[in-house]
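Here are the chains, one letter per residue:
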Amino acid sequence: MSVPGAWYLTLAAMLFTIGAIGVLVRRNVLVMFMCIELMLNAVNLTFVTFARMLDDIGGQVVVFFVLVVAAAEVVVGLGIIVAIFRRRTQATADDISLLKG
Amino acid sequence: MDKLVFFVAGATILLGAGFVVISRNPIHAALSLVATLFGVAVLFVEQQAHFLAAVQVIVYAGAIVVLFLFVIMLLGVDRDEDIARDPLIGQRPLALVAGGIVLFEVLVLAGAQWASGARSVTGPLSGETSNVEKLARAIFTRYLLPFEATSVLLVIAVIGAVVLARRSDPLSSGEVRAPDAEEAAAAQ
Chain A
13 MSVPGAWYLT LAAMLFTIGA IGVLVRRNVL VMFMCIELML NAVNLTFVTF
63 ARMLDDIGGQ VVVFFVLVVA AAEVVVGLGI IVAIFRRRTQ ATADDISLLK
113 G
Chain B
10 MDKLVFFVAG ATILLGAGFV VISRNPIHAA LSLVATLFGV AVLFVEQQAH
60 FLAAVQVIVY AGAIVVLFLF VIMLLGVDRD EDIARDPLIG QRPLALVAGG
110 IVLFEVLVLA GAQWASGARS VTGPLSGETS NVEKLARAIF TRYLLPFEAT
160 SVLLVIAVIG AVVLARRSDP LSSGEVRAPD AEEAAAAQ
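Residue numbers (my numbering), protein chains in the order written: chain A, 13 to 113; chain B, 10 to 197.
Each hint should be verified, as a subset may be incorrect.
[Said to hold, decoys possible] With the Cβ distance kept under 7 Å, some of the chain A side facing chain B (calculated, not the full set): (1) A25; (2) F59; (3) A63; (4) R64; (5) V74; (6) V75; (7) V86; (8) V87; (9) V88; (10) I96; (11) D107.
[Stated by the list, open to error] Far from chain A by the CB rule (all over 10 Å, computed), these chain B residues: (12) V17; (13) I98; (14) E137.
[Said to hold, decoys possible] Have a look at the derived ranges for each label pair, beta carbon to beta carbon: (15) B:A63 <-> A:K112: 41 to 47 Å; (16) B:V167 <-> A:I108: 20 to 26 Å; (17) A:I108 <-> B:V141: 41 to 47 Å; (18) B:D89 <-> A:I96: 17 to 23 Å; (19) B:F113 <-> A:K112: 32 to 38 Å; (20) A:F77 <-> B:R101: 30 to 36 Å; (21) B:E137 <-> A:L110: 56 to 62 Å; (22) B:L83 <-> A:F77: 27 to 33 Å; (23) A:K112 <-> B:L76: 25 to 31 Å; (24) B:L76 <-> A:I108: 16 to 22 Å; (25) A:R99 <-> B:G136: 18 to 24 Å.
Honestly, the hints are just simulated from the structure, not real lab data. Model, not experiment: these values are computed from the prediction. By construction, the Cβ of each residue, glycine as well, lies at the ideal position given by its N, Cα and C atoms.
When you get a sec, could you build the whole thing from the sequences and use the hints?
See the structure below:
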């Protein structure tokens, strides 16, 4: 354990922050979706680091399940995006405002 | 040597993530995402998570990014967008401030004591057997029910994607769908 676990956790926190800023800043729904993947990866890195620091396989099991859920989420999310784009050509997050009063 | 690997992979992760956020073209964003995912996989290997590193490359870099690229090409949105335009005044500075607060909060809450709490009884990470064997033993004994539940989740996701992406046939379900579509077209 030559590299301290705290370094990994700091890196994961930075990656999570970049993903969060991306979701807040960008308007293209596809890029926002990629930024959500960045945040998921940051959390995965945290889990793997804690699994090593606490000497416990449980953290890696959680990451396994997160990967499965992320795959399912991407499939459904991209299906929704395709359905939205089919109705309108420009679909930034600002254009999807049908529920606006 | 470990520190060198950590810094190279960490720089790859952060640079890739930064380019995902600032690139104008969605395809460039997707390719930068690949760099980030590879960096995370390298750090998984560094921490003895060999199986997860392989799955990370195969599922994320292989399947998910290809799915992203496929949708980008399918929809024809692979053109540069004007990111200089800021429809909500002051949104970006506020987003940067909010991001800074998130980072600060995470680091403060974690504090000096990074890993605390009791050990769980799932099983040790260190030992004679390989990482794959230990992970499989945990998943197929203690976490068997969640593992089976994920198969249901995947089936639901596949069915949902098919239902969402299916082009509704005007002949078979025209009675119900047609007014809805006309309304949406009129609203535009």
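**Message:** Could you work out which of the previously given hints the structure breaks and list their numbers from low to high?
**Reply:** 2, 5, 10, 11 and 25
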